[in-house]
Amino acid sequence: MTGRRPDWIHPAFRLIEGEEVFGWADLAALPMPAGGVVQADRPSRVLAALAAAETVGQGLLLARGGAESGGWQSGPGFSVTLESSGTTGTPKRLRHDFARLRGRLRGVAEEGARWLLTYDPGAFAGLQVMLTAAAAGALLVAVPNRGAGTIAALAQAARRHAVTHVSGTPSFWRAFLMALGGPETALDLPLAAVTLGGEAADQPLLDRLAKRFPHARLRHIYASTEAGALFAVADGRAGFPAAWLDAAPDGLEMRIADGVLEVRSPRAAPGAVDADGWLSTGDLVERRGDRVLFAGRLDGLVNVGGVKVSPEVVERRLLAVDGVADAAVVAVTSPITGHLLTATIVPVPGADDPALRVALRAATADLPPAARPRALTFADHIPLSAAGKKSRKGAP
Amino acid sequence: MTDSIFALIAEELGRIAADKGEVLPPLTADSRFLDGDLPIDSLDLATLLVVLEQRTGQDPFREGFRQFTTVGELAALYTVPA
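Chains as they are written, first to last, in numbering that gives the first Met the number 0: chain F, 0 to 395; chain P, 0 to 81.
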């Protein structure tokens, strides 16, 4: 590496990763990843690899998990390719122009901000937090290992380094509040900014956050893959003001077509919009009084802990298992992860239940944990809705 | 008391841990969820709440979230059948 500091890393930027502290010089000393592919499990590695790839003018793949990256082609020039956490087991890869990606960062972080990284460093939202902190010369606090105990480690790190800015999914926030413990009005972590994104924010959670962090700027962000961040709601209420259908902030236009939210944004990718510049978000909305509230996905995807999963895809997998006569995968609401997939299985007569459970588990083992059906129940029939269809969503 | 609910939580947590190839350490009323003490993540905790609803017929979170951090605090949210 040349060691030349890129202009998107402020000289005052510091990264705390577990027990290690990195400034630019420490990042520059990290080994270069081979073949333009970096395992995006630590922010230090990701930032160092980005700087190195920019210097040599090469594409970079932020790999997550064990997907095969051997055949990956970086294409000409410096770009960043992210892997989605899809429901099919095979991640989707989306290439971003780095300058454009930085241009989509909204708002400038205040000086002296101390950010907590709650997102995966290889995820779009994680990269946004990292780049925001790096450009502002802020402190970025991260925990190196993800898995069981991550939330507890994040809560400890938040306290220890007195973080001021935390952005996470509603599911993250529910678990984080639990891990912090203490009374709902404890003032032990004086956050300045609380941001929610990636899933629809519900009113009970917004109320709990306002109570626990009364001095924080509380915002929930609405974004889509094609158009990036579209708007931020800062009034502490779920959904967004219905008045925005007539006049929305930041040059954005919104309308409801057949219950689906459509947007026209100056920041949308040109290929994703129709001839008039409108883009269907695929998000179902309901107008209630002075508010527009989110009501799930048109494509039936449900959000489990920030991961969009398809009950239908999982159901098809289970139906293909030997010994299964019928199966229904249903999303039930969860106070922890927003939703959770559950499965009801009708075994063929004479099926061996324990063996069937093992086979059912194996049929979804390659899916991300959020997409696997939890709580398998065996039954002698699947209850159907009045229309004769399997009811996809559990009782609200 | 909530002994039977505590036993139910211990049984189901043990099953969830075993499914992941983990062994649950001895559980007490003061064991904290999501605190690194127990080998479970938030998806496992969400699973536990669904299974408890299936087995007890009760959903203490129907009217909104209720704060709990420990196994004992969760057990106290369920009423014991007479």
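Keep in mind the hints are simulated off the structure, nothing from the lab.
It is possible that some hints are incorrect.
[Said to hold, decoys possible] Output of the computed footprint for chain F on chain P, the stretches with three or more beta carbons under 8 Å from beta carbons of chain F:
(1) 23–30
(2) 44–56
(3) 61–73
[To be verified] Residues from chain P that keep clear of chain F, each with C-beta distances beyond 10 Å, as calculated:
(4) Ala9
(5) Glu10
(6) Asp40
(7) Ser41
(8) Val79
[Unchecked claim] As a list, the in silico SDA-like pairs of lysine to any residue whose alpha-carbon atoms are at most 25 Å apart:
(9) F:Lys307 x P:Glu52
(10) F:Lys91 x F:Ala271
(11) P:Lys19 x F:Ser83
Here the structure is a predicted model, which means the values were calculated and not measured.
Every residue, glycine too, gets a C-beta built ideally from N, C-alpha and C.
field: Non-interface claim for aspartate 40 of chain P, where every Cβ of chain F lies beyond 10 Å
entry: Violated, since 5 Å does not exceed 10 Å.
- prompt: Just checking, valine 79 of chain P versus chain F, shortest CB gap more than 10 Å?
  reply: holds, 21 Å
field: Agreement of lysine 19 of chain P and serine 83 of chain F with the hint, judged by alpha carbon distance not exceeding 25 Å
entry: holds, 24 Å
query: Going by Cβ atoms, does glutamate 10 of chain P stay more than 10 Å from chain F at every point?
result: holds, 14 Å
- request: Examine each Cβ of chain F, and state whether all of them lie more than 10 Å from the Cβ of alanine 9 of chain P.
  value: holds, 17 Å
message: Quick check: do three or more residues in the region 44–56 of chain P have a beta carbon closer than 8 Å to a beta carbon of chain F?
response: That given contact holds, which follows from 7 residues of the region 44–56 of chain P lying within Cβ reach (below 8 Å) of chain F.
- request: Sort out whether glutamate 52 of chain P lies within 25 Å of lysine 307 of chain F, counting only the CA atoms.
  value: With Cα atoms ~24 Å apart, lysine 307 of chain F and glutamate 52 of chain P stay inside 25 Å; holds.
field: Hint consistency between lysine 91 of chain F and alanine 271 of chain F [alpha-carbon to alpha-carbon, up to 25 Å]
entry: holds, 16 Å
Outcome, coverage hint (the region 23–30 of chain P, chain F; C-beta under 8 Å; three residues): Violated, because only 0 residues of the region 23–30 of chain P bring their Cβ atoms closer than 8 Å to Cβ atoms of chain F.
task: Between the region 61–73 of chain P and chain F, see if three or more residues pass the 8 Å beta-carbon test, and mark the coverage as holds or violated.
output: That given contact holds, which follows from 5 residues of the region 61–73 of chain P lying within Cβ reach (below 8 Å) of chain F.
- prompt: Is the Cβ of serine 41 of chain P more than 10 Å away from each Cβ in chain F?
  reply: Answer for serine 41 of chain P: violated, closest chain F Cβ roughly 4 Å.
Hint check: violations occur at hints 1, 6 and 7; the rest are consistent with the structure.
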